[in-house]
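J.: Okay, here's what each chain looks like letter by letter:
Protein chains: 2
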Amino acid sequence: MLSTFQSGFRKSRSTVDDTFKILIATDIHLGYLEKDAIRGNDTFVTFDEIMKQAMQNEVDFVLLGGDLFHDNKPSRKTMHCCIEVMRKYCMGDRPIIFEILSDQAVNFSHSKFPWVNYLDTNLNISIPVFSVHGNHDDPTGTDGLCAIDLLSCAGLINHFGRSRSVEKLEISPVLLQKGNTRIALYGIGSVPDERLYRMFINNQVTMLRPREDEDGWFNLFVIHQNRSKHGATNYIPEQFLDDFLDLVVWGHEHECKIAPVRNEQQLFYVTQPGSSVITSLSPGEAVKKHIGLLRVKGKKMNLQKIPLQTIRQFFIQDVTLSEHPDLFRPEQPNVMLKVMAFCQEKVEEMLEEAERQRLGNPLTPEKPLIRLRVDYSGGFEVFNTMRFSQKFVDQVANPKDILHFIRHRESKDNIKECMDFEALLSRPTSEVLQLRVEDLVKEYFQTAEKVCILYMCVEDADQSLVNIPLSPLQTFHRIMRK
Amino acid sequence: MLSTFQSGFRKSRSTVDDTFKILIATDIHLGYLEKDAIRGNDTFVTFDEIMKQAMQNEVDFVLLGGDLFHDNKPSRKTMHCCIEVMRKYCMGDRPIIFEILSDQAVNFSHSKFPWVNYLDTNLNISIPVFSVHGNHDDPTGTDGLCAIDLLSCAGLINHFGRSRSVEKLEISPVLLQKGNTRIALYGIGSVPDERLYRMFINNQVTMLRPREDEDGWFNLFVIHQNRSKHGATNYIPEQFLDDFLDLVVWGHEHECKIAPVRNEQQLFYVTQPGSSVITSLSPGEAVKKHIGLLRVKGKKMNLQKIPLQTIRQFFIQDVTLSEHPDLFRPEQPNVMLKVMAFCQEKVEEMLEEAERQRLGNPLTPEKPLIRLRVDYSGGFEVFNTMRFSQKFVDQVANPKDILHFIRHRESKDNIKECMDFEALLSRPTSEVLQLRVEDLVKEYFQTAEKVCILYMCVEDADQSLVNIPLSPLQTFHRIMRK
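Which chain is which? The protein sequence lines are A and B, in order.
Each residue of the first sequence is one higher than the last, beginning at 1 in the UniProt record's numbering.
Each residue of the second sequence is one higher than the last, beginning at 1 in the UniProt record's numbering.
You can't tell identical chains apart in this list, so a pair holds if it fits in one copy or across any two.
Here are the simulated BS3-like pairs of lysine-lysine, each with C-alpha atoms no more than 27 Å apart in a straight line:
#1 K112 <-> K73
#2 K112 <-> K35
#3 K35 <-> K73
#4 K73 <-> K88
#5 K288 <-> K305
#6 K52 <-> K88
#7 K88 <-> K305
#8 K178 <-> K305
#9 K299 <-> K178
#10 K112 <-> K88
#11 K229 <-> K257
Since the hints were made in silico from the structure, they are not lab data.
It should be emphasised that the depicted structure is a prediction, and the values quoted were computed from it without experimental measurement.
Bound conformation, chain A alone (with noise of 0.2 Å):
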């Protein structure tokens, strides 16, 4: 099985250097707002401080798991951003002292140039960024281009991960060797959930694996898809992805997971780093946004969080007006003004502890996000939140929209729990053959999430996977086929 290592472990080495040093990053959404006069700037500014600890950390490249723009096309200044700060970055003598082993005209054969930039002897590169495409930023129109293969036919990043067929995904690793370590990385750029969830079930999407010495390789997948549930086959269950992986790094998602979890079926670890530019008020967001260097030494990693510097705080709150009957009432005279006054306060409290935290942090944008979600059922009243906004306008990088008013207080888990595999078969025959396939599958794999007893897990620490169990999804084809 997979074991971490402590940072720090280089240095106990020498010789030949076998440690990959990996930045990680992803749904950086060049461009998100830019004609904001606050916040115009912000996907610029942290985009340059990822590739700066990308420099600063000495990397042996940038992984990025898409959604690089925001805009499917950018805008000329995003894309000049972009290109100035990789320019800036990723170009210079540092040696790089890695080596590609797999055929590079295979992994980037959608290229104009398919071969890694790096190895372009016209092009002096000093941090090689790989990346897949994400939802924001995917392949359309007639010339089947998308806003990475500007940067990519400029040299400036390897866009992997791409398949042309809708019919079938072969994924062909980029395959990476330093000193003794070798990763296999896979990827596939963002498909419409429905699509790639149909595709996994009809045994349409294949991880080649190199031929020689297969479990010698350290597997590291990028996926840019819904992670959480949104609907019945809008996600990719984490059960669909093979289990010879070590490592997968989730895209898309924007709230920062960073640290590695294990799927304790596929026996792989999932890292998901969330964006680095808040892009929606909700509480995802809110969670402090990190970057994540990985290092790979063999079959062991370790993933070091480093949080960014450069995000615009953000502030969430809920309040349900109701359950202050000592404060106010509905029924009272100048509740509405009670109600403003309350809301105020609770905006001031978020301002000043923003004020708080970003004190001795020069690289925070001064004004924060702040939003008040204000539950007013019960008999309340809105009122403008326009007017209420006015006393912030300076004070706020969002002053309209810092209230929202919502009528019954969600669940934050608002994840329906679906019917068990017993009730669906006890369901009339008829109404069971009109299920899709996919939806037996579904139901199928939430009922496996808690039966596990199927999977016998061996593990040893220091050797990785010894005895690899079956997926669901393999169990699920070889019952198919019977």
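Following the hints, position chain B against chain A.
T.: Below, chain B alone, put in the same frame as chain A:
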């Protein structure tokens, strides 16, 4: 005075290479009609041809006169094609053996990387490209960027001749030296003609000259403006340009007049390369298109025309129906059918001629552009051009607009002769006072073109300009100062 020398000159010398070889092209209009099923790739194919010529001729650099892009915000495909061609031909190991003597931080002050690309240690440039911007790809928006700034940021082009001020232009030349030859390269990126006209008139355009050995430089100037007269002040008279110049490369005008023409007042030469794509079905675009191979040694120059092979053929013919009373008259029955047959014959003649000329020229696109301008005045009626064109839909590149009906045939030379200066002076005083200074100056220059007796031109075949006469503009300023 400048003297030209024959191609092949270099072979008679040896040791130090003093001859600059410069490929000159302009108005490439990348992306023009890119969505047209037939003509969509024309601009990309020709750009490839141009850059290939630069490589094959082993030029020291490429000089572009603006409008590299047709659209201010080129499509992704267009930008991708452009980057691809530039990376393919402009990067490589061929050494660059000329130096930059000027302050690059001044020449390229607007760039994030304010130095010439071939001196960037991270880029292995074999052919530097210098370009001003045109009116199609000029800087716009709050970012003040233009399309070629993306190329500049990526290290693929050297964008010069740009000014941030709309008040005055101070043009600091890029100073180049190869062996004993020194070139001062001046440029003005496209400015609205009226504004630039006014700036010239108001003495707000300054061309800085190197302090050291002022007369030892070959002064090369690139401009992208109207050269032909579009209204009173909507063009730039050649006389406005400083007379210390040796060669002016005039962009923007699409007709190929690449053979240098001497301006007898200013004593410089003007070359007008013309566009490398036909963007309008007018006679000027039917002139055979070329790029130029400019050789400069000391103060001598030679410009070799290179015909472009990939240009789509364009045939244009004018017919006046009333000139064929033997064939048809307006009052005849079935006259329209006769006219249609006549027009069809004319188009077929052009198609046959196109076919003949294309034979043995495999790079020429298959379908030509055909335009028949039909003067139907004299009582004839127009007919459905779309139906007429149906016959040629598989043979021509512009089936939708082969025919163009005109009523009164315009004079080919429709530039109005303006009043002379004497006529102006004889107007009543009140009327004269209402004229703007620009108008006075315009009329003065129009007169001045014929009144060259003021200027004493002393030439020396070896020594170039010996006695530089006052230009009309200088004369004007002297008069105004008095």
